[in-house]
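Peer 1: Each chain, letter by letter, is given below.
2 protein chains.
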Amino acid sequence: MAAQLPPLQATRVFEAAARHGSFTKAAEELGMTQAAVSYQIKVLEDRIGTPLFLRRPRQVTLTEAGQRLAPAITEAFELIGAAWASARSGAQGMLSISTVQTFASNWLAQRIGSFQMAHPGLAVRFDTSPRFVDFAREEVDLAIRAGNGDWPGLATHLLLRTEFTPMLSPKLAASIGGLKEPTDLLRLPIIDPDDPWWTQWLTEAGASAEGLKGRVRSRMGSQAVEGGAAIAGQGVAMLTPAFFASELADGRLVQPFELLCSDGHAYWLVYPEARRNAPKISAFRSWILAEFAASAEE
Amino acid sequence: MAAQLPPLQATRVFEAAARHGSFTKAAEELGMTQAAVSYQIKVLEDRIGTPLFLRRPRQVTLTEAGQRLAPAITEAFELIGAAWASARSGAQGMLSISTVQTFASNWLAQRIGSFQMAHPGLAVRFDTSPRFVDFAREEVDLAIRAGNGDWPGLATHLLLRTEFTPMLSPKLAASIGGLKEPTDLLRLPIIDPDDPWWTQWLTEAGASAEGLKGRVRSRMGSQAVEGGAAIAGQGVAMLTPAFFASELADGRLVQPFELLCSDGHAYWLVYPEARRNAPKISAFRSWILAEFAASAEE
DNA sequence: CGGTATGCATAAGGACAATTTATCCATATG
DNA sequence: CATATGGATAAATTGTCCTTATGCATACCG
Chain A
6 MAAQLPPLQA TRVFEAAARH GSFTKAAEEL GMTQAAVSYQ IKVLEDRIGT
56 PLFLRRPRQV TLTEAGQRLA PAITEAFELI GAAWASARSG AQGMLSISTV
106 QTFASNWLAQ RIGSFQMAHP GLAVRFDTSP RFVDFAREEV DLAIRAGNGD
156 WPGLATHLLL RTEFTPMLSP KLAASIGGLK EPTDLLRLPI IDPDDPWWTQ
206 WLTEAGASAE GLKGRVRSRM GSQAVEGGAA IAGQGVAMLT PAFFASELAD
256 GRLVQPFELL CSDGHAYWLV YPEARRNAPK ISAFRSWILA EFAASAEE
Chain B
6 MAAQLPPLQA TRVFEAAARH GSFTKAAEEL GMTQAAVSYQ IKVLEDRIGT
56 PLFLRRPRQV TLTEAGQRLA PAITEAFELI GAAWASARSG AQGMLSISTV
106 QTFASNWLAQ RIGSFQMAHP GLAVRFDTSP RFVDFAREEV DLAIRAGNGD
156 WPGLATHLLL RTEFTPMLSP KLAASIGGLK EPTDLLRLPI IDPDDPWWTQ
206 WLTEAGASAE GLKGRVRSRM GSQAVEGGAA IAGQGVAMLT PAFFASELAD
256 GRLVQPFELL CSDGHAYWLV YPEARRNAPK ISAFRSWILA EFAASAEE
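Protein sequences, first through last, are from chains A and B. Taking my numbering, I'd label the letters of the first sequence as residues 6 to 303. Taking my numbering, I'd label the letters of the second sequence as residues 6 to 303.
Simulated from the structure, these hints should not be mistaken for laboratory data. Fair warning: there could be bad hints in the mix.
Claimed, not checked - Beyond 12 angstroms from chain B on every Cβ pair, some chain A residues (computed): (1) D51; (2) E83; (3) I117; (4) T167; (5) K176; (6) A179; (7) R220; (8) L253; (9) A254.
Unchecked claim - Quick look at which bits of chain A chain B covers, simulated, 3 or more residues with Cβ under 8 angstroms: (10) 12 to 25; (11) 85 to 93; (12) 187 to 201.
To be verified - Here are some, though not all, of the chain B residues that point toward chain A, as calculated from beta-carbon distances under 8 angstroms: (13) L13; (14) T16; (15) R17; (16) S91; (17) R142; (18) P284.
C-beta: ideal position from N, C-alpha, C; glycine also.
From just these sequences and the hints, can you work out the full model?
Peer 2: Structural data, given as structure tokens:
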């Protein structure tokens, strides 16, 4: 289909030499030696079967054949150069993040603004899908996923262990005179009592999980929603403190007990190992790791 | 000056792969293996920092970045291909011959027509200059020169030894009752008696060259001119028979004596060794050598 | 009018990119 | 479910491309 093409490296060298009218200057521009330019021109001339330059003393000039060839070649390389540059910067300009809903709404949404402030030229696109993204098949730069961090071929950075502890509104806590013992929790409405986190936490707290039995099921399925219900005073929710840092700070939620449990899972930043040095990848990595480092210091 | 360019080989492979939507097909077109295509695409993706293809089952499709890049790249390569093809055929289409005047007018002019019949697409341009052409500095494909055939770096083919013998019009010969002895020549006007060829020929013929002394000098300097004068019956000319084959054949000139002398010089076809396989070079070489082979058989 | 500097050509050698071979893997297809 | 198709990958090989070192011709300068 495509016409027979000349040796491309030689063509590139020819283009520069034609533009400069000098092998030495072309070599400078291309960052190679004059000998290499001379060699490549000869390669091209051998291939086309006719000289492209006349070797005049202290300068070279294009032959007729060279004159016919040069303008089109220059134009073609300008085209390639422009397309390459724009694709390259365009590619830098869009960051596609695949993330689980929970992390997006509980953590990212409130903070992504500061990343965008720091990188005004970089548009961020979210793709919140529950499936684990396949980087080979979907146009996604990086992902934030829950899991155990064992994904071969992918670079992973631990962001956040999914620790959890009961949380509720201060008003609801006051309604029963405050919470002294873990069992006090069972005197209040429990948001999503079927969540295994409740069983685990109560067990680790030394309380019986029996009290959960027979409760109304109100499976909400997302910390954001459950947290909202808790803030509204509708009950006690089992939440990850890191996701509700601001609510805890301003008193919309309180964490009555110190005990933090973990199911061993965590949120990870992941991306294809091979792309670790792409500017937008490393920009986002630096930012998010710094965010977590800062919150860990508090 | 020129914008930073992508790796060109990889770009070429990308272009084919984008056009086919398949690495395997691209490999076929380019005459390489699928593995090589896969490798080159990866090189390009590493360089640009973002994937160019999505690897879907049994086919690959362009990512956004790939879609942005592909059309311009295809266009650029089409440009290069077209320019290359036309320069290549254009270069084939013009044959520049540097030749000495004598050979051009006495031999080539009458026969070049048959070469052009055989190669209708090939335009022939003559450059008749007395200097020996410098192939590096002038746009000349091949040359026909007199000399001893010792030109380093150039391919040479012996065309014709410069043999010579007296020739005259039959009418002039009849005017003195025919020529029996070489000395009979001296009873007729001699065209260019200063030419050393006369001295050499008369000497080798066993005649004294004394008879040349004191003759009117009519230096004409070119066999074509001297031959014309001889045909017109103005005198006896010392000519190269090979240059006057048709005149001898149709009786406009006669060669009264068998004796052929030679000064050791000859006409040679010469061209840069490196270009021996260029189509137009070998076409002309075949033709001219065949012409001489044919005339030698007669 | 010679000496020097500039620019290109060439040969030999080496570095590294490109390619092939040989598998492997996933998935569409029959 | 077996097979075929299409791509990825690792290791080894090949070959291009480039550099170093040098030579040569010519323009420029004192």
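Peer 1: Are the hints correct? Go through all of them and say.
Peer 2: Comparing the hints with the structure gives:
1. D51: violated, 7 angstroms
2. E83: violated, 7 angstroms
3. I117: I117(A) is indeed farther than 12 angstroms from all Cβ atoms of chain B, at 20 angstroms.
4. T167: holds, 30 angstroms
5. K176: holds, 50 angstroms
6. A179: holds, 54 angstroms
7. R220: Given that every Cβ of chain B is farther than 12 angstroms from that of R220(A), nearest at about 46 angstroms, it holds.
8. L253: holds, 39 angstroms
9. A254: Holds: least Cβ distance 38 angstroms, greater than 12 angstroms.
10. 12 to 25: holds (count 7)
11. 85 to 93: Per the Cβ count (9), the hint holds.
12. 187 to 201: Our answer is that it is violated, as 0 residues pass the Cβ test (under 8 angstroms) against chain B, missing three.
13. L13: OK, holds: L13(B) within 8 angstroms of chain A, min 4 angstroms.
14. T16: Cβ of T16(B) sits 7 angstroms from chain A, so the hint holds.
15. R17: Cβ of R17(B) sits 6 angstroms from chain A, so the hint holds.
16. S91: holds, 7 angstroms
17. R142: Check passed: Cβ of R142(B) comes within 6 angstroms of chain A, closer than 8 angstroms.
18. P284: holds, 7 angstroms
In summary, the structure is inconsistent with hints 1, 2, 12 from the numbered list given earlier, while agreeing with the others.
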